[in-house]
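Peer 1: Using the sequences plus the hints, can you model the full thing?
There are 2 protein chains.
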Amino acid sequence: MKHIDFWFDFASTYSYLAALRIAPLAAARGVKVAWRPFLLGPVFTAMGWNDSPFNIYPSKGRYMWRDMERLCTQYGFPLKKPSKFPRNGLRPARIICAHPDAMWIPDFVRAVFAAGFAEDQDIGEREVVAGLLRELGLDAEALIAAAESTAGKDLLRRQTDEAFKLDIFGAPTFIVDGEMFWGNDRLEQALAWAAGIGD
Amino acid sequence: MKHIDFWFDFASTYSYLAALRIAPLAAARGVKVAWRPFLLGPVFTAMGWNDSPFNIYPSKGRYMWRDMERLCTQYGFPLKKPSKFPRNGLRPARIICAHPDAMWIPDFVRAVFAAGFAEDQDIGEREVVAGLLRELGLDAEALIAAAESTAGKDLLRRQTDEAFKLDIFGAPTFIVDGEMFWGNDRLEQALAWAAGIGD
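Residue numbers (the working numbering), protein chains in the order written: chain Z, 1 to 199; chain R, 1 to 199.
Careful: at least some of the hints might be erroneous.
Identical copies go unnamed one by one, so any copy, or any two together, can satisfy a pair.
Okay, derived cross-link-like pairs now, SDA-like style, lysine to any residue, Cα gap no bigger than 25 Å in a straight line [to be verified]:
#1 LYS2 <-> PRO100
#2 LYS60 <-> ALA46
#3 LYS165 <-> TRP65
#4 LYS60 <-> PRO42
#5 LYS2 <-> GLU69
#6 LYS60 <-> ASN88
#7 LYS2 <-> ASP67
#8 LYS81 <-> GLY183
#9 LYS81 <-> GLU179
#10 LYS81 <-> GLN189
#11 LYS84 <-> ARG66
#12 LYS32 <-> ARG70
#13 LYS60 <-> ASN50
#14 LYS32 <-> ARG21
#15 LYS60 <-> PHE85
#16 LYS80 <-> ARG186
#17 LYS60 <-> ASP167
#18 LYS165 <-> MET64
#19 LYS60 <-> MET47
#20 LYS81 <-> ARG110
#21 LYS165 <-> TYR63
#22 LYS165 <-> ARG70
#23 LYS60 <-> ASP5
#24 LYS60 <-> ASP122
#25 LYS80 <-> GLY178
#26 LYS165 <-> PRO58
#27 LYS60 <-> PRO86
#28 LYS80 <-> ALA111
#29 LYS80 <-> TRP193
Think of the hints as simulated: they come from the structure by calculation, not from any bench. This one's a predicted model, so the numbers in the text were calculated from it and none came from an experiment.
Peer 2: The structure is reproduced here in structure tokens:
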């Protein structure tokens with residue numbers, strides 16, 4: 001089946017937009033989405049940044065928040081600027097890495113992003129993540145415990161290593177058959193690329 | 001009349017795309033374009049960069065050139081990766097600052113960008129710029145001499161200072177009634193914003 005890898009970080013503003021948009025757009029084109037969370041932190045550290053570039057470069061940061069406001073208005077998405085930015089997306093990312101093909105992954109991804117960017121919840125907090133899992137009818141305690149085990153931590157570490165190998169430098173990034181597309185702005189182009197590939 | 005300020009640097013790849021696209025798109029929406037060249041160099045220096053971020057961050061650079069290839073294919077624009085990047089766009093920028101409202105400005109801007117990104121010419125060279133001016137039937141020697149005068153140099157310096165005051169951090173940037181839009185990807189959105197403002 002036609003396929004797209006969706007690489008994202010739960011702390012990334014433009015990943016929020018792509019996460020809310022990708023499922024129906026991909027389905028309409030017959031493209032299967034692989035949800036690939038990773039950590040931007042180590043990627044930014046390798047680029048010499050010890051914080052989000054939107055904090056390091058204030059003019060870029062001011063622009064990004066205004067751009068997000070305009071885009072959310074256009075898409076009809078809620079937006080509440082997080083009182084702390086960036087949040088720590090480690091815990092939900094680990095949970096997804098342990099269950100990449102579970103049916104509930106898309107709903108959980110959208111719920112985490114909505115908590116972070118529509119409700120200003122701290123998605124780094126254990127109880128916030130547990131609440132989101134419970135709302136989906138899942139066994140929050142078991143999922144969180146497994147994600148925090150040595151094996152669970154290692155899965156996300158390996159996925160972030162893979163992002164490095166793929167030359168990923170930001171999020172969201174879409175990979176289609178070795179072709180990279182960076183940014184929410186490129187979602188439609190990436191899906192068109194995926195749809196154009198023979199089965 | 002409805003109005004858009006188009007801020008660009010002749011060394012900027014995505015400014016090339018916007019420069020080739022903006023005139024017909026703006027005309028179709030009844031929007032007048034103000035062509036505002038400036039120098040990204042001082043802006044990047046203030047951000048702590050001593051080179052293009054596409055050179056400082058190699059993964060971003062590799063991606064940018066591939067993205068440019070795909071976009072140029074999509075738009076039907078020629079692209080020849082410059083043998084040196086970034087080029088020095090100082091001279092043509094000064095010429096435009098001295099004649100911001102001349103009829104020949106749009107043609108000259110497109111000719112300089114095409115020389116740099118479609119033909120790999122060194123737009124920093126006096127003779128290259130003179131040749132482009134002559135092809136437009138203009139008095140190349142007089143225009144270049146005026147641009148290199150103290151008054152001519154000062155005009156571009158003041159325009160770059162204005163970019164700083166506007167919080168501009170990259171190119172192309174579109175400003176519509178105080179609203180900033182960054183990147184070739186935002187050209188349509190910026191023009192829609194301009195078209196929506198009452199006369």
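Peer 1: Hint by hint, say whether it matches the structure.
Peer 2: Status of the hints after comparison with the structure:
1. LYS2 <-> PRO100: So LYS2 and PRO100 pass the 25 Å test inside one copy only (17 Å; across, 50 Å).
2. LYS60 <-> ALA46: For LYS60 and ALA46, the Cα distance is within 25 Å both inside one copy (20 Å) and across copies (13 Å).
3. LYS165 <-> TRP65: between (30 Å within a copy, 19 Å between copies)
4. LYS60 <-> PRO42: Intra 21 Å, inter 16 Å, cutoff 25 Å: intra and inter.
5. LYS2 <-> GLU69: between (33 Å within a copy, 23 Å between copies)
6. LYS60 <-> ASN88: For LYS60 and ASN88, the Cα distance is within 25 Å both inside one copy (21 Å) and across copies (24 Å).
7. LYS2 <-> ASP67: between (31 Å within a copy, 21 Å between copies)
8. LYS81 <-> GLY183: Cα proximity of LYS81 and GLY183: in one copy and across copies (19 Å, 23 Å).
9. LYS81 <-> GLU179: between (32 Å within a copy, 19 Å between copies)
10. LYS81 <-> GLN189: Answer is between: at 22 Å across copies they meet the 25 Å cutoff, but 28 Å inside does not.
11. LYS84 <-> ARG66: So LYS84 and ARG66 pass the 25 Å test inside one copy only (17 Å; across, 34 Å).
12. LYS32 <-> ARG70: between (29 Å within a copy, 23 Å between copies)
13. LYS60 <-> ASN50: both (16 Å within a copy, 18 Å between copies)
14. LYS32 <-> ARG21: within (14 Å within a copy, 34 Å between copies)
15. LYS60 <-> PHE85: both (14 Å within a copy, 23 Å between copies)
16. LYS80 <-> ARG186: Classified as both: same-chain Cα gap 24 Å, cross-chain 23 Å, threshold 25 Å.
17. LYS60 <-> ASP167: Cα proximity of LYS60 and ASP167: in one copy and across copies (23 Å, 9 Å).
18. LYS165 <-> MET64: between (27 Å within a copy, 18 Å between copies)
19. LYS60 <-> MET47: both (17 Å within a copy, 10 Å between copies)
20. LYS81 <-> ARG110: within (17 Å within a copy, 40 Å between copies)
21. LYS165 <-> TYR63: Between copies only: 14 Å across chains, 30 Å inside a chain, cut-off 25 Å.
22. LYS165 <-> ARG70: Intra 34 Å, inter 22 Å, cutoff 25 Å: inter-copy only.
23. LYS60 <-> ASP5: between (27 Å within a copy, 19 Å between copies)
24. LYS60 <-> ASP122: within (23 Å within a copy, 30 Å between copies)
25. LYS80 <-> GLY178: between (35 Å within a copy, 23 Å between copies)
26. LYS165 <-> PRO58: between (30 Å within a copy, 13 Å between copies)
27. LYS60 <-> PRO86: Both: 14 Å inside a copy, 21 Å across copies.
28. LYS80 <-> ALA111: within (14 Å within a copy, 44 Å between copies)
29. LYS80 <-> TRP193: between (33 Å within a copy, 23 Å between copies)
Every hint from the earlier list agrees with this structure, and none is contradicted.
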